[in-house]
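Visitor: Since the structure of chain U is already known, use the hints to place chains C and L on it.
Protein chains in written order, with the working numbering: chain U, 1494 to 1610; chain C, 727 to 1074; chain L, 2 to 577.
I should point out that these hints are in silico values taken from the structure, not numbers from a laboratory.
Since the model is a prediction, treat every value here as computed from it, not as a measurement.
Treat the hints with caution; some may be incorrect.
Simulated crosslink set (BS3-like; lysine-lysine; CA at most 25 Å straight-line) [to be verified]:
#, chain 1, residue 1, chain 2, residue 2
1, C, K791, U, K1547
2, C, K787, U, K1531
3, U, K1525, C, K787
4, L, K455, L, K426
5, L, K497, L, K270
6, U, K1530, C, K791
7, U, K1531, C, K833
What follows is a list of derived Cβ distance ranges for each label pair [as the list claims (entries may be wrong)]:
#, chain 1, residue 1, chain 2, residue 2, range
8, L, Y254, U, F1553, 33 to 43 Å
9, L, K159, C, L803, 54 to 64 Å
10, L, S200, C, F776, 30 to 40 Å
11, C, K787, U, R1529, 23 to 33 Å
Backbone N, C-alpha and C fix where the C-beta goes; we use that ideal spot for every residue, glycine too.
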Amino acid sequence: MPETFFPILVLLGVAAIMAATILFLNAVLGPKLRTRKKLETYESGVPLLDASRKRVSIQFFVIAMVFILFDVEIAFVYPWALVFKAAGWPLLLEMFVFLAILIVGYAYIWKKGAFDW
Amino acid sequence: MTLVDGAIVVLRVVVPALILPALVIPLVWVERRVAAFIQDRPGPNRVGPFGLLQSPADIIKLFTKEDVVPAATDKFLFLLAPSLAVFAALSTFAVVPYGPTIRVAGKVIPMVGADVSVGLLYVFAITSLSVYAIVLAGWSSNDKFSLLGGIRSSAQIISYELAMTTAAAGVVLAAGSFRLTDIVAMQEGTFRLLPVVPRWNFFPQVIGFIVFFVSAFAETNRLPFDLPEAEAELVAGYHTEYSAMRFGSYFLAEYINVIVASAMTATLYFGGWSLPGFHPEGWLGGLLGLLIFAAKTAFFVLVFIWVRWTLPRFRYDQLMRLGWKTLLPLSLANLLWVALLAIWRTSR
Amino acid sequence: MTVATEPALSPAAERLRGRLAGTPLAGRCEVADRDLPTIEVSPDAWPSLARFLRDDPECRYDLFVDLFGVDNLRRPGQKSRFETVVHLHALARNEHVRVKIPLPDEKKPALPTASEVYPAADWFEREAFDLYGFDFTGHPNLRRILCHDAFVGHALRKDYAPGQRWFFAEEDMKAPEWATHTDERAGHFETQTISIGPSHPATHGIIHLIARLDGEKIIRAETNIGYLHRCFEKMSETHQWNQIVPYCDRLNYVSAMINGVGFVRTAEKMLGIEVPDRGRLVRTILSEFTRIMDHCVCIGANLVDIGALSNFIYLYQNRENIYDLIEACCGARLTVSYVRVGGLAIDVPDDFVPRCRSLLESIPLFLKDVQKLVDNNRIVRQRLQGTGVVTREQAIAWGLTGPMLRASGVPYDVRRARPYDFYDKFDWDVPISNEGDNFARYLVRIEEIRQSLKIIRQALDILPAKGAVSSDDWRVVLPPKDAVYHDMESLIYHFKLVMEGIRVPPGERYEWIEGGNGELGFHAVSDGRGGPYRLRVRPPCFANMQAFQKMVIGGTVSDAVATLGTLNIIAGELDR
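Okay, chain U solo, but in the shape it has when bound (with noise of 0.2 Å):
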């Protein structure tokens, strides 16, 4: 079994080299030309006004979470679906229990304001 994914690790050897390569190609045929004004962060042309990294909204973090649970979900789904052709009623009867709680779980996120923004 192993053996199957060599060919995927000579591909992720490629990629990594190609990735690098491009960089490389153009750190040595681009110019070199540096000023202070060029190497300044883009703030639409006026200077800063305020700083760039600071805690971010409340809100992104809210998805985040909830991106975690469902994630989880699907790390559960995954097999479930995998083995089902093969047990039938009894698993669709379990799924129906799991998905029952998670949709309890989701109703209220939505009824919360998590989707809103």
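Guide: Chains C and L in isolation, oriented as in the chain U frame:
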């Protein structure tokens, strides 16, 4: 395993990996020409015949531009991010079957980079790497527009990844395998009840297909989901601070991702290289299969282009609403529907 | 000996005098009748007069039109060196009124602000402060607006030496206090200030929006303008009347023709000359075509900003075709300088009418394409409906005009309210919408394009096939070249006109027309020389832009961009 076998194994995966970025060059030209036709103008037609050399010229330009690294950036991550984008884009294609299994000179050659048992999982794992490329770019640039683009992007990609993977779970359920060659194999032939219709997953799982395809737009940051780089709002989004070929890397990655997303759509829902009544034999069969696969992929690539030049962009909250409130429930419904269908099929 | 008899007042002035009679204001202001009913008031009585004019049930001058200064240093016989002139409009009766406020203190000209009564006065007062140094006491944010922070002096004063140069460095830039300081206690620790513009893809001209963001939401905003300021009004004071026409083109360069027409109309009214029908009809036709271009560019650019890329090209094709027509008429495309005081520079080409008619055929086709793509597109509707909402009351208070005002449900269109040229003879409608959001503005503009086409069609029907396009008053219009070569009188007129310019009788006048973005007015003061003593342009963008910083609050960055698009800011007009 002889040396020849080893070489074949390596070539099977390396050749597509080299062809894929090479395909981007004509693809950019196609996109610009198609956009031009949509907009009733000629498009690039000066460099070379039909303007075909426009893209190579642009690439040469990008390579010979100065690679500016702004002073306030986090140098290492700033360097890493575009490489990661290209790396993730190139690696995805490894498990996608681009043709049938053929026998040439007594050797069995499956036309797929690596026929692994967890093919679909591998695809999702690698594509979710591309979010790092964008988030890291946004963060390391130390620029507000980049950061906003990066955050928008991470929220967008993870939201649509959920819908996408849940929709694809329906395909896994129908095939009973993560292996993409199995998924293609189960779509060969026609339906028993309707012998004229190919057994493509598209027909029983049309909702799943819609969710998958819409999410694919979001995953590749193409209009109407190009919020991370929404030009009029965020200048260039996460790659505002990038120049020369580092900017080009994102460009390259975007187009490779479009090809891969189209290829995945063709594989999961439209039978990949297969066609009802097509039984490949020898190298000619392999070539034909490859052409069928390429044609299906090209069709979806054209849809990508067509949509881009037709639809406007969502607003961030609307995007979230669509992803969480529409696509996710739809994909779950699709999953249950496929499960019921499978039970109905086995019970008969 | 003659007895000085008071001339009869116009009904509007009569009404003003009557209403003012019983109030405490009566003794402090006097009503006269010039080209407009004019009230002269002392600075201290101005705020209460403003309140009276706005609130009095029979006056109700509810729309703030313009406020500017005049420096009478080289214009003897005036009450005081500095005066502030205000124009107001009563929507119910379609009447303008002028308020003149002579400022007695020459050293420190000051008057109370009217921005509490008319919120729209805010930026206009800042401009008068910037260019004349008038101190508006009580103004919430009295700082320069068109000139930069490192500028010294007040450029429109007559004794300002024009050769001076003031350099502006990055360090001179002043940002509002709230932009640079985070108020931790107010729970705003997650907010961030960003600059959208001056160099940003959404700011098609050059403007600068400082916005404080909470995530994607804008919670505070302020706009800076003036990046394209190029002293239009100052330059006008040193040029002859006809020489100003090319500068006018550069005000709203998207609808250049309309600006020129607006300007020369002021001069023509002061001179009291009539332009032949053919000339006025050609002006009307080209103005309406220009309006179509203006709206096309506005809609197209707005749709590009929200990501719909193809519509722009469809709409732009119209613009290109109209440019071809204008090029055939005068040889220029963008900045046409086609009009002259008294008529047009040259006659239109022989195939003018067929060209116009073929445009009338082609424009609706492109429009149909766009409407198919946009009108029922859910994403467009989600993006534009309910965003950038301006209620009727807000629109009036902020002094909006043009499509912005009409999209908020106020049917004020100068072409209908005070018909000039032939607009009262045509059958056309003023489209309005009551929603006041971005989508309403899109719809109003689309419909106005259709109405313009309708007007052009009717104008072409009554356009005389032959005849002069310019007046034959050779004190104003250059005599034909042939006559100049062959007869002495024409030669003298030609010489006088070229060397001295048009002698416009002393006086002042305000003339306004409907520009692409709203009421475009030119207020000219003449002292009898060959050029205006003072020329004030009332740029519709200025008032519209002023509302922007209030409209974006509470929306997202994406909404701000969409709203900026429907405002149709043309920086050339905004900054002058």
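Visitor: With reference to the structure, classify each hint as holding or not holding.
Guide: How the hints compare with the structure:
1. C/K791 with U/K1547: violated, 32 Å
2. C/K787 with U/K1531: At roughly 19 Å apart (the allowed maximum being 25 Å), U/K1531 and C/K787 satisfy the hint.
3. U/K1525 with C/K787: holds, 15 Å
4. L/K455 with L/K426: Given pair L/K455, L/K426 holds - Cα atoms ~12 Å apart, limit 25 Å.
5. L/K497 with L/K270: Status holds; Cα separation ~21 Å.
6. U/K1530 with C/K791: holds, 17 Å
7. U/K1531 with C/K833: violated, 58 Å
8. L/Y254 with U/F1553: 33 to 43 Å: Roughly 41 Å apart at Cβ, these two residues keep to the hinted range, so it holds.
9. L/K159 with C/L803: 54 to 64 Å: holds, 59 Å
10. L/S200 with C/F776: 30 to 40 Å: holds, 35 Å
11. C/K787 with U/R1529: 23 to 33 Å: Once the Cβ atoms are compared, 25 Å apart, the range 23 to 33 Å for U/R1529 and C/K787 holds.
Hint compliance for this structure: hints 1 and 7 are not met, and every other hint is.
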